[in-house]
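**Student:** Chains R and B supply the protein sequences, listed in that same order. Each residue of the first sequence is one higher than the one before, counting from 7 in my numbering. Each residue of the second sequence is one higher than the one before, counting from 7 in my numbering.
Just to be clear, a hint being listed does not mean it is correct.
[Claimed, not checked] Derived lysine to aspartate or glutamate pairs resembling DMTMM-like cross-links, with alpha carbons at most 20 Å apart:
(1) Lys154(B) - Glu191(R)
(2) Lys97(B) - Asp79(B)
(3) Lys154(R) - Asp180(B)
(4) Lys154(B) - Asp180(R)
(5) Lys154(R) - Glu191(B)
[Stated by the list, open to error] Pair ranges (Cβ atoms, derived):
(6) Ala41(B) - Ser105(R): 30 to 36 Å
(7) Ile36(B) - Ala143(R): 43 to 49 Å
(8) Ala82(R) - Gly136(B): 37 to 43 Å
(9) Arg147(R) - His107(B): 32 to 38 Å
(10) Gly44(R) - Glu153(B): 52 to 58 Å
(11) Arg147(B) - Ser105(R): 37 to 43 Å
By construction, these hints were calculated from the structure, which means they are not laboratory data. Please read these numbers as outputs of a predicted model, since none were measured by experiment. Where is the CB? At the ideal position from N, CA and C, for every residue including glycine.
Each chain, letter by letter, is given below.
2 protein chains.
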Amino acid sequence: MNEAAPSSRDRLIAAAARLFRQRGYHGAGIADILAESGAPRSSLYHHFPNGKADLGRAAAEWAGAGMLRIIDDSFANAPDYATGAATLCHKLAKFFDISDHRDGCPVSSVLYEDTEETGLRQAVDTIFEGWIAATAAHARRLGVPAEKAGEAAETLLMAIQGAWILARARRSSDVLRSIPGRLPEV
Amino acid sequence: MNEAAPSSRDRLIAAAARLFRQRGYHGAGIADILAESGAPRSSLYHHFPNGKADLGRAAAEWAGAGMLRIIDDSFANAPDYATGAATLCHKLAKFFDISDHRDGCPVSSVLYEDTEETGLRQAVDTIFEGWIAATAAHARRLGVPAEKAGEAAETLLMAIQGAWILARARRSSDVLRSIPGRLPEV
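Bound conformation, chain R alone:
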């Protein structure tokens, strides 16, 4: 049991995040997530007593941590902030390409759960601010003046979210790759 339990939890989370990318939070029903995960229904309420909102938060946090690793990987060996930002945009464009030019951001999809009681909106905000803070920290480390780093990071993440929407409408990652050339130099 101790070995099996984390595994069905992880499978549920990964399945939920995958379906949120494809269909959004509301488009991915509990039955779809269970089928996609292969986990038994009993494990869902064992691991996520409040059902979909709990699972939605876990999936958003899991996907958010994945994005944080992509941010860190992009900037880790970059000689300067602009190169790291360009690498980040190219990595995300590749992710979009391998999803057959379709998938959305699983984290922002959760914003359509519009009730405050679930705390999902606040959870999404915390994830976004984490991405911005991590990007800003890389910017400062790479020599961007402290007073500009936060705004540059926020602008970059804002542009990525917006470009992702255009990319989905066009089924083309070109606009994601073009972000660095569109933003002011820092």
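Given the coordinates of chain R, assemble chain B onto it according to the supplied hints.
**Tutor:** Positioned in the frame of chain R, the structure of chain B alone reads:
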């Protein structure tokens, strides 16, 4: 009948767009849309024989036409492109504020309907390209060089979509108002 029929069609479209803003395409069920519109169920399939996908397209196109009017209003009396762009961002921020800092873009929410057969993705793309083309036309009219106008317009609409997502997570329109200062001058 001739007077009543258009009215229930319009009510269905407006109700769908309103619910897409609040809950996204998949979060707004047919029953919710009917209840919100006050229209009889029979009118739904009379006006939209293919049901939700048809209504979804009509609602996205209706909301898209509304955005086009906001774009035109913002640039109509602007002395230059930068002023028009700033007016557009401020108008959208006000719309967001009066939605209790919650509503999303009803057009982009339709992208989570992931099947190609419905043509919804292509319809969304056409709406987005219409916004970009209209903004680019204003840019050229206001003296932005033709070779820069298209990219400037695309960058502005991309930034608006991305900022809107951040604004929803934060329940604050500040990031929408701050867009003009974040983009390169054109």
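**Student:** If a hint holds in the structure, say so; if it doesn't, say that too.
**Tutor:** Cross-check of the supplied hints:
Taking the CA atoms of lysine 154(B) and glutamate 191(R), the gap is about 17 Å. The hint holds against a cut of 20 Å. Taking the CA atoms of lysine 97(B) and aspartate 79(B), the gap is about 10 Å. The hint holds against a cut of 20 Å. For a cut-off of 20 Å, the pair hint linking lysine 154(R) to aspartate 180(B) stands: about 17 Å separates their Cα positions. With a CA separation close to 17 Å, the supplied pair lysine 154(B) and aspartate 180(R) stays within the 20 Å bound.
Restraint check: the Cα-Cα separation between lysine 154(R) and glutamate 191(B) comes to about 17 Å, which is no more than 20 Å; the hinted pair holds. The supplied range of 30 to 36 Å is met by alanine 41(B) and serine 105(R), whose beta-carbon atoms lie about 35 Å from each other. In this structure, isoleucine 36(B) and alanine 143(R) meet the distance hint of 43 to 49 Å, their C-beta atoms being roughly 47 Å apart. Look at alanine 82(R) against glycine 136(B): about 41 Å separates their beta carbons, and that is inside 37 to 43 Å.
Under the hint 32 to 38 Å, the C-beta atoms of arginine 147(R) and histidine 107(B), about 34 Å apart, fit the expected range. Distance hint check for glycine 44(R) and glutamate 153(B): the Cβ-Cβ separation is about 53 Å, which falls inside the suggested range of 52 to 58 Å. Separation of arginine 147(B) from serine 105(R) is about 38 Å and conforms to the stated range, judged on CB atoms against 37 to 43 Å.
Checked against the numbered hints given earlier, this structure breaks none of them.
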